[in-house]
Amino acid sequence: AQSVTQLDSHVSVSEGTPVLLRCNYSSSYSPSLFWYVQHPNKGLQLLLKYTSAATLVKGINGFEAEFKKSETSFHLTKPSAHMSDAAEYFCVVSPFSGGYNKLIFGAGTRLAVHP
Amino acid sequence: KAGVTQTPRYLIKTRGQQVTLSCSPISGHRSVSWYQQTPGQGLQFLFEYFSETQRNKGNFPGRFSGRQFSNSRSEMNVSTLELGDSALYLCASRTEGGTGELFFGEGSRLTVL
Numbered sequence: 190a191q192s193v194t195q196l197d198s199h200v201s202v203s204e205g206t207p208v209l210l211r212c213n214y215s216s217s218y219s220p221s222l223f224w225y226v227q228h229p230n231k232g233l234q235l236l237l238k239y240t241s242a243a244t245l246v247k248g249i250n251g252f253e254a255e256f257k258k259s260e261t262s263f264h265l266t267k268p269s270a271h272m273s274d275a276a277e278y279f280c281v282v283s284p285f286s287g288g289y290n291k292l293i294f295g296a297g298t299r300l301a302v303h304p
Numbered sequence: 003k004a005g006v007t008q009t010p011r012y013l014i015k016t017r018g019q020q021v022t023l024s025c026s027p028i029s030g031h032r033s034v035s036w037y038q039q040t041p042g043q044g045l046q047f048l049f050e051y052f053s054e055t056q057r058n059k060g061n062f063p064g065r066f067s068g069r070q071f072s073n074s075r076s077e078m079n080v081s082t083l084e085l086g087d088s089a090l091y092l093c094a095s096r097t098e099g100g101t102g103e104l105f106f107g108e109g110s111r112l113t114v115l
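Protein chains in written order, with the working numbering: chain A, 190 to 304; chain B, 3 to 115.
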């Protein structure tokens with residue numbers, strides 16, 4: 190069975206400092222992994238995706254994530270936080286057998302950015 | 003290119019009523035899926051439609067149903083509403099093939115009183 194665990198429900202950083210949002214996954218197959226962001230009262234937007242190509246994945250708005258199979262992790266990072274990064278972030282796994290649409294979402298990490 | 007459009011954006015119903023939510027996918031996208039988002043349960047997969055056929059279904063009771071039309075537009079229906087059905091219902095579409103990126107609408111926020 191597949192599952193996703195986001196290790197922090199809330200993360201607070203100062204503007205200009207690095208961001209680290211942690212995600213561990215469990216999958217019986219080689220998974221596809223995604224990070225989505227949701228701003229208040231908005232839908233979800235894809236930040237980046239891993240699909241068994243390069244293990245370091247670059248996304249939009251300066252975010253990147255590294256797939257580490259040995260650690261079953263897919264942590265999201267950004268070198269310098271911006272006020273506009275304040276949002277909720279979801280780590281997502283796509284089960285091989287269930288199809289791409291039957292995504293399994295982590296519980297989410299709410300990122301706060303302080304001036 | 004227009005994004006995924008969901009209507010209505012907000013609605014209030016009372017227990018026992020039924021509701022229909024609509025989703026227009028991105029032009030050319032034939033796969034539409036629905037998710038329920040609540041503070042307690044997070045984001046949960048409801049169902050997926052492709053070419054007017056339900057292809058996958060999540061673990062929701064039969065009160066939750068959906069359909070897809072020949073133009074790929076989709077509707078979901080919830081009958082006999084319960085307080086616990088209050089949620090943000092998100093629709094997403096994608097093309098076949100590729101790496102599975104879903105494009106989400108802004109959701110329909112349902113409040114059941």
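Think of the hints as simulated: they come from the structure by calculation, not from any bench. Keep in mind it's a predicted model, so treat the numbers as computed, not measured. Incorrect hints may appear among the rest.
[Said to hold, decoys possible] A few chain A residues that don't get close to chain B, going by computed Cβ distances all over 12 Å: (1) L196; (2) V208; (3) T244; (4) T261; (5) H303.
[Unchecked claim] Calculated lysine to aspartate or glutamate pairs in the EDC-like style (CA-CA distance at most 20 Å, straight line): (6) A/K291 - A/D274; (7) A/K238 - A/D274; (8) A/K291 - B/E108; (9) A/K231 - A/D274; (10) A/K291 - B/E77; (11) A/K238 - A/E277; (12) B/K59 - B/E77; (13) A/K247 - A/E277; (14) A/K247 - B/E98; (15) A/K257 - A/D197; (16) B/K15 - B/E77; (17) A/K231 - A/E277; (18) B/K59 - B/E98; (19) A/K258 - A/D274; (20) A/K247 - A/D274; (21) A/K291 - B/E54; (22) A/K291 - B/E103; (23) A/K238 - A/E260; (24) A/K238 - B/E77; (25) B/K15 - B/E84; (26) A/K291 - B/E84; (27) A/K231 - B/E103; (28) A/K231 - B/E84; (29) A/K238 - B/E103.
Beta carbons are placed, not taken as given, at the ideal position from N, Cα and C, and that holds for glycine.
Right, here's what the structure says about each hint:
Every Cβ of chain B is farther than 12 Å from the Cβ of A/L196; the closest lies at roughly 15 Å, confirming the non-interface assignment. Every CB of chain B is more than 12 Å from the CB of A/V208 (nearest about 21 Å), matching its label as outside the interface. Distance to chain B confirms A/T244 as a non-interface residue, since its nearest Cβ pair spans about 15 Å, more than 12 Å. Interface exclusion of A/T261 from chain B stands, the closest Cβ pair being 19 Å apart, more than 12 Å.
With a cut of 12 Å on Cβ distances, A/H303 stays outside the contact zone with chain B, its closest approach being about 24 Å. Distance hint between A/K291 and A/D274 is unfulfilled; the C-alpha atoms sit about 27 Å from each other, more than 20 Å. About 18 Å separates the Cα atoms of A/K238 and A/D274, which keeps this hinted pair within 20 Å; it holds. In summary, the hint linking A/K291 to B/E108 is supported, as the alpha carbons are separated by about 19 Å, within the 20 Å threshold.
Straight-line distance between C-alpha atoms of A/K231 and A/D274 comes to about 14 Å, which keeps the hinted pair within the 20 Å bound. Among the hinted pairs, A/K291 with B/E77 is consistent with the structure: their alpha-carbon atoms are about 18 Å apart, no more than 20 Å. Taking the CA atoms of A/K238 and A/E277, the gap is near 17 Å; set against the 20 Å cutoff, the hint holds. The suggested pairing of B/K59 with B/E77 holds, with an alpha-carbon distance near 15 Å, which does not exceed 20 Å.
Restraint check for A/K247 and A/E277: the C-alpha separation of about 19 Å stays at or below 20 Å, so the hint holds. About 23 Å separates the Cα atoms of A/K247 and B/E98, which puts this hinted pair outside 20 Å; it is violated. Restraint check: the Cα-Cα separation between A/K257 and A/D197 comes to about 18 Å, which is no more than 20 Å; the hinted pair holds. Of the supplied pair hints, the one linking B/K15 and B/E77 holds, its CA atoms being roughly 17 Å apart against a limit of 20 Å.
A hinted pair counts as satisfied when its Cα atoms are at most 20 Å apart, and A/K231 with A/E277 qualifies at roughly 10 Å. Proposed proximity of B/K59 and B/E98 is supported: the alpha carbons are some 18 Å apart, at most 20 Å. A hinted pair counts as satisfied when its Cα atoms are at most 20 Å apart, and A/K258 with A/D274 does not qualify at roughly 27 Å. Between A/K247 and A/D274 the CA atoms are separated by roughly 16 Å; this keeps the pair inside 20 Å, and the hint holds.
At most 20 Å may separate the alpha-carbon atoms for a hinted pair to count; A/K291 and B/E54 meet this at roughly 17 Å. This hinted pair checks out: A/K291 and B/E103 have alpha carbons roughly 12 Å apart, not beyond 20 Å. Restraint check: the Cα-Cα separation between A/K238 and A/E260 comes to about 18 Å, which is no more than 20 Å; the hinted pair holds. Our distance criterion of 20 Å between C-alpha atoms is broken by A/K238 and B/E77, whose separation comes to about 28 Å.
A distance of roughly 10 Å separates the Cα atoms of B/K15 and B/E84; the hinted pair therefore holds under the 20 Å criterion. Restraint check for A/K291 and B/E84: not satisfied, since their Cα atoms lie roughly 24 Å apart, outside the 20 Å limit. This hinted pair checks out: A/K231 and B/E103 have alpha carbons roughly 17 Å apart, not beyond 20 Å. Distance check on the hinted pair: A/K231 and B/E84 sit about 24 Å apart at the alpha-carbon level, beyond 20 Å; violated.
Note on A/K238 and B/E103: the hinted pairing holds, with a Cα-Cα distance of about 8 Å set against a maximum of 20 Å.
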